[in-house]
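Engineer: Each chain, written out:
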Amino acid sequence: MHPLDWTILLLTLFSIVAYGVWKTRHINTTQGYLQGDRDLPWWTIGLSVMATQASAITFLSTPGQAYNDGMRFLQFYFGLPIAMVVLCVFALPLYYKLNVYTAYEFLERRFDLRARSLTAILFLIQRGLAAGLTIYAPSIVLSEIMGWSLDITILLMGIFVIFYTVSGGTKAVSVTQLHQMTIILIGMAVAVGIIIFRIPKDIGFNGAMDIAGQLGKLKVVDTDFSWNNRYNIWSGLIAGTFLFLSYFGADQSQVQRYLSGKSLAQSRMGLLFNGIFKVPMQFMILFAGILVFVFYQFNQPPVHFNKANVLQLEQSSYNGEYQQLTTQYDSVFQLKQTAVRNMLAAERSNDEALRDTSRAQVQGLQQSSASIQAKVDALILKVDEKAVVEDTDYVFLSFIMGYMPIGMIGLLLAIIFSAAWSSTASELSALATTTVVDIYRRSLNQNKSDRHYLITSRLFTVMWGALALFFAYTASLFENLIQAVNVIGSLFYGTILGIFFVAFFMKRIGGRAVFYAALIAEAAVLFMFFLYEYKEEIIEFLGGFAKDSNGWMADSYALAIRGVEIIGNVSYLWYNIFGCLLVMGIAWVIEQVKGEERLKEKG
Amino acid sequence: MLENYIPDEDDKPPIAGTWNRLYAFVLLLHVAIIAALYFFTKVHS
Chain V
47 MHPLDWTILL
57 LTLFSIVAYG
67 VWKTRHINTT
77 QGYLQGDRDL
87 PWWTIGLSVM
97 ATQASAITFL
107 STPGQAYNDG
117 MRFLQFYFGL
127 PIAMVVLCVF
137 ALPLYYKLNV
147 YTAYEFLERR
157 FDLRARSLTA
167 ILFLIQRGLA
177 AGLTIYAPSI
187 VLSEIMGWSL
197 DITILLMGIF
207 VIFYTVSGGT
217 KAVSVTQLHQ
227 MTIILIGMAV
237 AVGIIIFRIP
247 KDIGFNGAMD
257 IAGQLGKLKV
267 VDTDFSWNNR
277 YNIWSGLIAG
287 TFLFLSYFGA
297 DQSQVQRYLS
307 GKSLAQSRMG
317 LLFNGIFKVP
327 MQFMILFAGI
337 LVFVFYQFNQ
347 PPVHFNKANV
357 LQLEQSSYNG
367 EYQQLTTQYD
377 SVFQLKQTAV
387 RNMLAAERSN
397 DEALRDTSRA
407 QVQGLQQSSA
417 SIQAKVDALI
427 LKVDEKAVVE
437 DTDYVFLSFI
447 MGYMPIGMIG
457 LLLAIIFSAA
467 WSSTASELSA
477 LATTTVVDIY
487 RRSLNQNKSD
497 RHYLITSRLF
507 TVMWGALALF
517 FAYTASLFEN
527 LIQAVNVIGS
537 LFYGTILGIF
547 FVAFFMKRIG
557 GRAVFYAALI
567 AEAAVLFMFF
577 LYEYKEEIIE
587 FLGGFAKDSN
597 GWMADSYALA
607 IRGVEIIGNV
617 SYLWYNIFGC
627 LLVMGIAWVI
637 EQVKGEERLK
647 EKG
Chain B
386 MLENYIPDED
396 DKPPIAGTWN
406 RLYAFVLLLH
416 VAIIAALYFF
426 TKVHS
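As you go down the protein sequences, you meet chains V and B in turn. Using the numbering used here, you'd call the opening residue of the first sequence number 47 and step up by one each time. Using the numbering used here, you'd call the opening residue of the second sequence number 386 and step up by one each time.
If we strip away everything but chain V, and leave its shape as in the complex, we get (with noise of 0.2 Å):
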């Protein structure tokens, strides 16, 4: 890297620690350290609210999954403004009225200390386990990209975001947030037109536009159902709308973002402007994905991205072969980018004919492309076979190697740690805070001194940064990051979820039905998703046994094989519908049979 780009780099990502910690050098109370003094207004909650979902892994692997996916991915959250206004309206009213320090807390109070303990329970494992992968994603991909060593990339990611975290709590992490979230706006619009300026002069923005449509990467809104397809208009609007819910009014890393605010009304403008601007703030980095692929059908690009494993090719006795398939690679990048020219000159002159032809002599070449990256990717695994041969999560820092000037490398490696840093900070802070407010000072140590819960407060920080780092050190590479996130919060945002539910609007069900309603539902999200990941090897199991058996047993095989089938089929996003809905049901059953229960004791 070029010394300026290490000059912006490190002047930025210093600057902003310093500015965070100076800022908040008289923390001194528990409620400071864990409310931040709540004086924050509008536009840092916002911006507070946006840093802490828009994780590093969101500016690594989204350009990268619309180069590979188009833009669909965006339909994901189109449920997100509607999940703010129902949490304007419902929650923050409460939450503020109950002046509570963790979103748990409400829980004892509407139902009893199990429900609050379970709850909290469950924010822990689902967030411990996602900061480690906050911390984890953006370091491999920058530790093979950048050649640095993954240990130090890990310890780069976590060791300052522990430092400021610890050093000025809750406030702290919003000020950065402040910055960072700046920072990294004002990157990406740059980095988009810095994209559209080195796209060729002939094809222009407009010819850009006309390529990436005719090869069918801007089709943003798909109004078609399927449960198996993770994202169309349907699945964004209904169960991102749950999705966002849950994680925006249940998750302390959220909701202790905007329990910051000066006043009700500075939280819930906060929450607004996330609900206006998340929607295009995702176009644009979707948008920069889109560009980079149009790029790419006028600059030969890597035949894979991953450097790392490329690396590893070249110095194996595979080495023959894989030159072999990369000239082949070449000559057919050749090929295609004379018939996307020859596609574009038709749609600009209106020949449909020739379009049509040309646009399937593209996709044809696209195919032979991806036949020629599928034996590299099988020549990678013959090399290594625990190599990860999906390169998605590189197409962007690839790229912004390769072609981006002087400074703004180093801008965008600032963006890259902004964001990582400014997630990581918000989870560290949450978890401590529910680990001390709803485990540690209301079950295990009370009416202790405040300067107590401060120290432990600022302990309980270290321990779940430590954690972290340990995941993140520990963790293996999933499919897709981005993914591999959304995932795991999906399988307990749904129970979490159906307890506020329950909470908000089922006023006769106490605390031990909802208590029970959520163990049963979260072990049925969990066998869900066993059967979503397992489903082949089931049906293989049970087609095993279906072959050896007759009569009535043969059509019970027959009918759990047609079960697997159904719900393995059913995408991670739908687990917050039936997480919530199974709690919200259960409950009811559970209420019910008690008032039975009841009324024949008491006849």
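Hints in this document: simulated from the structure, not taken from any laboratory. Please read these numbers as outputs of a predicted model, since none were measured by experiment. Just to be clear, a hint being listed does not mean it is correct.
Stated by the list, open to error - Computed, partial: chain B to chain V, Cβ under 7 Å:
(1) D396
(2) T403
(3) Y408
(4) L413
(5) H415
(6) I418
(7) L422
(8) Y423
(9) T426
(10) H429
Yeah, the Cβ is synthetic: ideal placement off N, Cα and C, and Gly gets one too.
Following the hints, put chain B in place on chain V, whose structure we already have.
Structural biologist: Positioned in the frame of chain V, the structure of chain B alone reads:
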């Protein structure tokens, strides 16, 4: 619990006059964005 909550009358939004109007604005804007994206999809496919 909700029935016990009395809204703070001073808690007005800085724009739009009332919270309900502001919520309606956010939701209508979202509908407009989705409609624009639908149109964008149709134009480019």
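Engineer: Next, verify each hint and record whether it holds.
Structural biologist: So, going through the hints one by one against the coordinates:
1. Hint on B:D396 holds. Least Cβ distance to chain V is approximately 5 Å, under the 7 Å limit.
2. Interface restraint check: B:T403 against chain V, minimum CB-CB distance 12 Å, threshold 7 Å, status violated.
3. Look at B:Y408: its Cβ gets to within about 5 Å of chain V, closer than 7 Å, so that hint holds up.
4. Annotation: interface hint on B:L413 violated; nearest CB of chain V at approximately 10 Å, more than 7 Å.
5. Interface hint at B:H415: satisfied, since its Cβ lies 4 Å from the closest Cβ of chain V, which is below the 7 Å cut-off.
6. Nearest Cβ of chain V to the Cβ of B:I418: about 6 Å, under the 7 Å cut. The hint holds.
7. Below 7 Å, beta-carbon pairs count as interface contacts, and B:L422 has one with chain V at about 4 Å; its hint therefore holds.
8. Because the smallest distance between the Cβ of B:Y423 and any Cβ of chain V comes to about 5 Å, under 7 Å, the interface hint for this residue holds.
9. Checking B:T426 against chain V: minimum C-beta separation of about 5 Å stays under 7 Å; hint holds.
10. Hint status for B:H429 relative to chain V: holds, with the closest Cβ pair at about 3 Å, below 7 Å.
The earlier numbered hints that this structure contradicts are 2 and 4.
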